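Residues in the sequence shown are numbered from 143 upward in steps of one, following the numbering used here.
These are calculated hints, taken from the structure and not from any lab test. Hints are supplied without guarantee of correctness; some may be wrong.
Lysine to aspartate or glutamate pairs mimicking EDC-like chemistry, simulated, CA-CA at most 16 Å apart [as the list claims (entries may be wrong)]:
#1 Lys-408 - Glu-388
#2 Lys-356 - Glu-332
#3 Lys-287 - Glu-382
#4 Lys-356 - Glu-391
#5 Lys-340 - Glu-318
#6 Lys-463 - Asp-483
#7 Lys-421 - Glu-515
#8 Lys-287 - Glu-375
Fair warning: this is a prediction, and the values are worked out from it, not measured in the lab.
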Amino acid sequence: IVAAPTVAALGTVGAALLVAFVGLAASIVTIGWNPARSAADGATRGAQALRGAVESIDPAAASGPFRRMLRSRARRAETPAEEGVGLEPRAAEPEPGSEAGPEAAVERSGRRMSGGGPVDGTPFEGPMEAGEPGSAPPVPLLQSKPDRDPALTSRELDRLGEVLVDTLQTFRVEGEIVGRTTGPVVTQYEFAPAPGIKVSRVEALDADLALALKAPSVRIVAPIPGKAAVGVEVPNPEPEVVYLREIVEAPAFQRSRGQLPLALGKDLEGTPYVSDLAKMPHLLIAGATGSGKSVCINTIITSLIYRHSPETLRLLLIDPKMVELSMYGDLPHLRHPVVTDPEDAALVLRWAVYEMERRYELLSQNSVRSIAEFNQRVAEGKPLRRVEPH
143 IVAAPTVAAL GTVGAALLVA FVGLAASIVT IGWNPARSAA DGATRGAQAL RGAVESIDPA
203 AASGPFRRML RSRARRAETP AEEGVGLEPR AAEPEPGSEA GPEAAVERSG RRMSGGGPVD
263 GTPFEGPMEA GEPGSAPPVP LLQSKPDRDP ALTSRELDRL GEVLVDTLQT FRVEGEIVGR
323 TTGPVVTQYE FAPAPGIKVS RVEALDADLA LALKAPSVRI VAPIPGKAAV GVEVPNPEPE
383 VVYLREIVEA PAFQRSRGQL PLALGKDLEG TPYVSDLAKM PHLLIAGATG SGKSVCINTI
443 ITSLIYRHSP ETLRLLLIDP KMVELSMYGD LPHLRHPVVT DPEDAALVLR WAVYEMERRY
503 ELLSQNSVRS IAEFNQRVAE GKPLRRVEPH
């Protein structure tokens, strides 16, 4: 009786929908069935099944993006949720009217940085406790110089000196060797020309001398400053490896008055060479593959941690290759774990720029020209002005 008018009024599709709605309402009223809850329960069971299948997969057997997803999940599981918040693009500068600097910007951010550690200067536990007086790594950790026979090296250098004089005499350049200075890599012979011999004649024979001495190249210093002799620098038959421990233990490093002394190596005379990084603000390390760039960077970092405790030195290390600086991951001097992700590197650098500008303003407020002067005032207990937030 009701169906024919309903179909006529609503059409076939409308009537079917009405019947389905009435049946659904009857099910809810009679048996308490909730379709929304059933759909949610089904989705939950499906997600649990999928999660179990994913966890049963060996990451080593996976490939492509799926392997990266598994490794990312494993890293997130190992890192506590309360650790390590990083900088977001707009977190490099504090909000107008805020009272804190980069630390507050970091706390406002919710993005995690690779490495899982804080960027707010909290010391990391490691081999050395942060702030402990004299907390430097023990020197015996560095490799010591092996024993060598100096007599054997001396005899070989004497022979090269004789070849040098004989070669010059072949070109009618008379004279004698009056001394030599031996360094780790190069030996400088002091050649005194006979009266009437022009220095330019010795300079013109550099290629011939290199050929006679079987050396890649020979450098002529004409004349040696402060001496009546021409310097002929010849590569040593066996270059000597300079060990960092020699320089760190040398008085030149131990007694250096520089703020950031670097144990860079030895000079031509074999004397330990120490320089102050604070006097090299525009330092750029460059060179061809195998020229020693990584060795230089490792020397700089090691020199700094052997001179400063985590209380007076903080480091920000960025390693896009992920293999060059990983050995420093446990240093308590780190402001943040070694950054390997390019995105995180850009954010950390933005924070470093903000910190640099904040320090410039701090120096200006206290009428000092360098951070050394500022630290001196702190040590003397003088009153200091703080940077007011803008």
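The hints, checked one at a time:
Distance restraint check for Lys-408 and Glu-388: the Cα-Cα separation of roughly 10 Å lies within the 16 Å cut-off, and the hinted pair is therefore satisfied. At roughly 19 Å between alpha-carbon atoms, Lys-356 and Glu-332 are farther apart than 16 Å, so this suggested pair is violated. Between Lys-287 and Glu-382 the CA atoms are separated by roughly 10 Å; this keeps the pair inside 16 Å, and the hint holds. At roughly 36 Å between alpha-carbon atoms, Lys-356 and Glu-391 are farther apart than 16 Å, so this suggested pair is violated.
At roughly 14 Å between alpha-carbon atoms, Lys-340 and Glu-318 fall within 16 Å of each other, so this suggested pair holds. This hinted pair checks out: Lys-463 and Asp-483 have alpha carbons roughly 9 Å apart, not beyond 16 Å. Distance restraint check for Lys-421 and Glu-515: the Cα-Cα separation of roughly 15 Å lies within the 16 Å cut-off, and the hinted pair is therefore satisfied. Distance hint between Lys-287 and Glu-375 is unfulfilled; the C-alpha atoms sit about 25 Å from each other, more than 16 Å.
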